[in-house]
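Undergrad: Letter by letter, the chains look like this.
Protein chains: 2
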Amino acid sequence: MPSLPTPSAQDVYSKMRDLHWSPKEKTIARRAFDRALHRELEATIREAKQRAARIKEPDELWELERYLTRRRKEIDAKYEFKYSVLLLVLADLVRKGCINLDELHGLGEEKLRIIRDHVAAA
Amino acid sequence: MPSLPTPSAQDVYSKMRDLHWSPKEKTIARRAFDRALHRELEATIREAKQRAARIKEPDELWELERYLTRRRKEIDAKYEFKYSVLLLVLADLVRKGCINLDELHGLGEEKLRIIRDHVAAA
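Going down the list, the protein sequences come from chains R and D.
When the letters of the first sequence are read in order and numbered with numbering that gives the first Met the number 0, they come out as residues 0 to 121.
When the letters of the second sequence are read in order and numbered with numbering that gives the first Met the number 0, they come out as residues 0 to 121.
By construction, these hints were calculated from the structure, which means they are not laboratory data.
If you're wondering where the values come from, they're calculated on a predicted model, not measured in any experiment.
All C-beta atoms, glycine included, are put in the ideal place defined by N, C-alpha and C.
Heads up, some of the hints might be wrong.
[Said to hold, decoys possible] Pairs of lysine-lysine residues, derived as DSBU-like cross-links and limited to a Cα-Cα distance of at most 35 Å, are as follows:
1. D:25 x R:72
2. D:72 x R:55
3. R:25 x R:55
4. D:95 x D:55
5. R:77 x D:14
6. D:23 x R:72
7. R:23 x D:55
8. R:81 x R:55
9. D:72 x R:48
10. R:95 x D:23
11. R:25 x D:55
12. D:25 x D:95
13. R:81 x D:55
14. R:81 x D:77
15. R:55 x R:95
16. R:55 x D:48
17. R:55 x D:23
18. D:25 x R:55
19. D:55 x R:77
20. D:14 x R:55
21. D:48 x D:77
22. R:77 x D:81
23. R:55 x D:55
24. R:72 x R:55
25. D:25 x R:48
26. D:48 x R:48
27. D:81 x R:95
28. D:77 x R:48
29. R:81 x R:95
30. R:55 x D:95
31. R:48 x D:23
32. D:72 x R:72
33. R:14 x R:81
34. R:14 x R:77
35. R:81 x D:95
36. D:72 x D:23
[To be verified] Non-contacting residues of chain D with respect to chain R, defined by C-beta distances greater than 10 Å in every case (computed):
37. 10
38. 12
39. 18
40. 25
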């Protein structure tokens with residue numbers, strides 16, 4: 000779960016719970032989320048292939064294992080699709096460069112403001 | 000630890016504990032053990048490279064992770080260099096085709112008999 004800027008953490012969570020998501024907004028959010036996840040997985044596949052191709056010593060084999068375990072846990076933690084926290088998840092993805100704000104074009108102004116506030120505050 | 004044929008398990012263990020290893024025998028056993036471990040690690044590196052090169056989908060990435068974890072645990076369990084159980088470890092490696100009996104040429108007859116008995120009984 001992404002970290003929240005204080006002091007309004009409680010406010011943001013209860014505000015997010017009360018937000019209504021239109022079908023169009025759900026589609027936009029889901030698409031941006033899925034694209035980011037897809038890009039991150041593709042990048043991890045490329046990196047794993049490169050690391051494997053470079054292996055010469057057994058130690059590097061177990062290093063590849065640790066790399067994959069770490070990436071799996073990071074990706075699991077980062078990509079949580081639940082509407083109650085989705086704006087913060089999207090904001091985190093924007094902040095980390097996984098999603099471009101343009102990809103969220105079409106979300107309601109209040110939602111975009113929460114995302115922008117969280118990006119700026121992080 | 001390798002499994003032992005009953006009913007003489009206790010006998011074999013106490014017999015092994017009492018065996019004396021000459022410096023020459025230690026060298027022979029260590030060399031055969033190290034060569035087998037080296038071959039197994041090399042084969043695992045080759046297999047990991049091939050699996051990585053074939054990856055197209057994210058699922059195959061985590062499959063590679065599981066493969067590496069499994070191989071690491073198998074290799075850890077299989078290669079235990081302790082003189083108190085070494086003959087059974089070597090016998091297991093012979094049985095699995097990781098060591099050729101010829102590589103153990105030079106060990107005392109009693110040691111070779113314990114190895115051969117264990118290979119035959121398994």
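Undergrad: Each hint: holds or not?
TA: Status of the hints after comparison with the structure:
1. D:25 x R:72: violated, 44 Å
2. D:72 x R:55: With a Cα-Cα distance of about 20 Å, the restraint between residue 72 of chain D and residue 55 of chain R holds, given a limit of 35 Å.
3. R:25 x R:55: Status violated; Cα separation ~47 Å.
4. D:95 x D:55: Measuring from Cα to Cα gives roughly 33 Å; hence the hint holds.
5. R:77 x D:14: Violated, at roughly 57 Å.
6. D:23 x R:72: Answer violated: residue 23 of chain D to residue 72 of chain R is near 49 Å, above 35 Å.
7. R:23 x D:55: Holds: residue 23 of chain R and residue 55 of chain D sit about 31 Å apart, inside 35 Å.
8. R:81 x R:55: Judged against 35 Å, a Cα distance of about 42 Å means the pair is violated.
9. D:72 x R:48: holds, 22 Å
10. R:95 x D:23: Status violated; Cα separation ~60 Å.
11. R:25 x D:55: holds, 29 Å
12. D:25 x D:95: holds, 22 Å
13. R:81 x D:55: holds, 28 Å
14. R:81 x D:77: Not OK: residue 81 of chain R and residue 77 of chain D at ~45 Å, beyond 35 Å, violated.
15. R:55 x R:95: Cα-Cα ~33 Å, so holds.
16. R:55 x D:48: With a Cα-Cα distance of about 10 Å, the restraint between residue 55 of chain R and residue 48 of chain D holds, given a limit of 35 Å.
17. R:55 x D:23: holds, 31 Å
18. D:25 x R:55: OK: residue 25 of chain D and residue 55 of chain R at ~29 Å, within 35 Å.
19. D:55 x R:77: holds, 22 Å
20. D:14 x R:55: Cα-Cα ~41 Å, so violated.
21. D:48 x D:77: Roughly 22 Å separates the two Cα atoms, so the pair holds.
22. R:77 x D:81: Judged against 35 Å, a Cα distance of about 45 Å means the pair is violated.
23. R:55 x D:55: Distance of about 23 Å is within 35 Å: holds.
24. R:72 x R:55: holds, 26 Å
25. D:25 x R:48: violated, 40 Å
26. D:48 x R:48: Cα-Cα ~8 Å, so holds.
27. D:81 x R:95: Violated, at roughly 50 Å.
28. D:77 x R:48: holds, 28 Å
29. R:81 x R:95: Satisfied, since the Cα-Cα distance of roughly 19 Å is no more than 35 Å.
30. R:55 x D:95: Distance of about 25 Å is within 35 Å: holds.
31. R:48 x D:23: violated, 44 Å
32. D:72 x R:72: Holds - the C-alpha atoms of residue 72 of chain R and residue 72 of chain D are around 20 Å apart, at most 35 Å.
33. R:14 x R:81: Distance ~15 Å between residue 14 of chain R and residue 81 of chain R Cα, so the pair holds.
34. R:14 x R:77: holds, 21 Å
35. R:81 x D:95: Violated, because 50 Å separates the two Cα atoms, which is more than 35 Å.
36. D:72 x D:23: holds, 31 Å
37. 10: Holds, since 36 Å exceeds 10 Å.
38. 12: Per Cβ check, residue 12 of chain D is outside 10 Å of chain R; nearest 31 Å; holds.
39. 18: Per Cβ check, residue 18 of chain D is outside 10 Å of chain R; nearest 30 Å; holds.
40. 25: Residue 25 of chain D clear of chain R: closest Cβ-Cβ about 23 Å, beyond 10 Å.
Comparing the model with each numbered hint stated earlier shows that hints 1, 3, 5, 6, 8, 10, 14, 20, 22, 25, 27, 31, 35 do not hold.
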